[in-house]
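Engineer: Each chain, written out:
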Amino acid sequence: MIPDLDPGRVLIRLACTDGQVSGVQVSSERPEVLPLLRGRTTGQAVRIISLMFALCGQAQTRAAMLALSAARGEECTPMIDVEVQREALREHLWRCLLDLPPLLGEAALQQEFVLGVKAIAEGRRDELLALLTRPGIQALRMRLRQLDDAYTSASHFLPIFDARNSLAAWPRLSAEFCRRPEWNGAAAETGALARKHADSDPPSMSAHWQARFDELAEWASGRHATDCVGSVSAVPVAPGIGRALVEIARGLLMHEVVLDGDVVTDYLIVAPTEWNFHPQGVLHDRLLGADARDRGALRQQIARLVTTLDPCVPWELEWA
Amino acid sequence: MCLGIPMQVVEIDGAFAWCEGRGRRERLNALLLEEVAVGDWVYAVLGQAREKLTTDRVNEISLALDGLAAAMQGETDLDKYFPDLLSSK
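Protein sequences, first through last, are from chains F and D.
Each position in the first sequence, counted from 1, maps to that position plus 203 in this note's numbering.
Each position in the second sequence, counted from 1, maps to that position plus 136 in this note's numbering.
The shape of chain D in the complex, shown without the other chains:
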């Protein structure tokens, strides 16, 4: 199981991109992306930028990751982290 984290590109470095997200800064391999520009959001996993993300998807994934972090810290009421899911229940 391998979690992905949305990160925003802040600098291009050849085939790599410096990205920031969830309080981290990482140099990601961006070879899987045909084009990448400063300001783009990408899905980061194990040092790779896997795909570009829309801001809507960034928000959705970020909230879900917040929910996972909250669950790991013992929080049990997790509905607020999945508002779209509950509205389509």
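In isolation and in its complexed conformation, chain F is listed as follows:
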């Protein structure tokens, strides 16, 4: 018999009073991988992580290798990892050409997606650049404002961190931090828009999509810095403790490992979904007080918002 495996979810629970959303609970639930990693050698831990994580497998495997090396004293200053970057750009392409058009009432741009994936995989920047200027994609970008709504959010953008300067913000990670990561005592968004250092006030949904298109265009034009998507870095936190940071499509990914000799005794992963779906984050802010008289319309609006924020697990909506 196959053991039942719950892959986790983002759960949004809404309470409504007098036609308005009066309570918002956002929780991100996912399987805990620490029991699989504790007691393993460093080589085994990397192998398990590469087996377990599919959506950003290159990034997770790279983060694991760098964190384990850092635990043995090896620092990695910020650099672009080509494979991690390509994986992230492919994710952007999926969002922008397959997920976005239906939000605007259009068919997914399947042919353009296939061409774009090929161009990224082969490192053909000029082909991606030409693709992004096609009329269908340009028209899509022109219509992004239609996604914007009247809801607002007070949430902050997470600044760009590398592993070394992350130590000042978070000297050590903890299991509680992995579940509810915060910066300066508050929730913060991570991802393409945060990486642009954008101060869009309030951050609009269209700005998130423009930021993804911009990162694709920047790669296609050969313009990108070492702190952009695909950036990796690692730092020894203390003897036997290493931390790696990787900028993936959805935002900041952090791994921190504790070794006893060559054996893993603790392993902490902070994924971007925990930042972007924080209980006090952007979803909470935007939905509290929203018009709930038409639940179907509100559900559609939440679907657009969740797709824009792009969780790496399925999501569910419950009415309290």
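Hints in this document: simulated from the structure, not taken from any laboratory.
Just to be clear, a hint being listed does not mean it is correct.
Example chain F residues on the side facing chain D (calculated, C-beta under 10 Å, incomplete) [as the list claims (entries may be wrong)]: (1) R233; (2) P234; (3) E235; (4) W297; (5) F316; (6) V317; (7) R328; (8) I340; (9) T476; (10) V516; (11) P517.
Every value quoted in this text rests on a predicted model; they were computed, and no experiment measured them.
For glycine and all other residues, C-beta sits at the position ideal for the given N, C-alpha and C.
Got chain F; can you put chain D on it based on the hints?
Structural biologist: Same frame as chain F, now just chain D:
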């Protein structure tokens, strides 16, 4: 963190493929795969067929997922789910 599940293609439906695995049946977007045929094994994540898998890799990933499920249910002896890892220790 985003888990992938090995699933086997049972029917092609244009750019999509109906797939079965771990007791589920799903219609996956197969645009990332250059070719896909009934009987192929794919790595399924969030409605996407991410890559094709060999049967050896299917077995390895499936066993690892069994190990994760067992850990979630409180099992502590997980070595049997990672036989290849332990043999190369």
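Engineer: Each hint should be assessed against the structure and marked as holding or not.
Structural biologist: Cross-check of the supplied hints:
no., hint, result
1, R233, "holds, 5 Å"
2, P234, "holds, 6 Å"
3, E235, "holds, 7 Å"
4, W297, "holds, 7 Å"
5, F316, "holds, 6 Å"
6, V317, "holds, 6 Å"
7, R328, "violated, 20 Å"
8, I340, "violated, 16 Å"
9, T476, "holds, 8 Å"
10, V516, "holds, 6 Å"
11, P517, "holds, 7 Å"
When each numbered hint is compared with the structure, violations occur for hints 7, 8.
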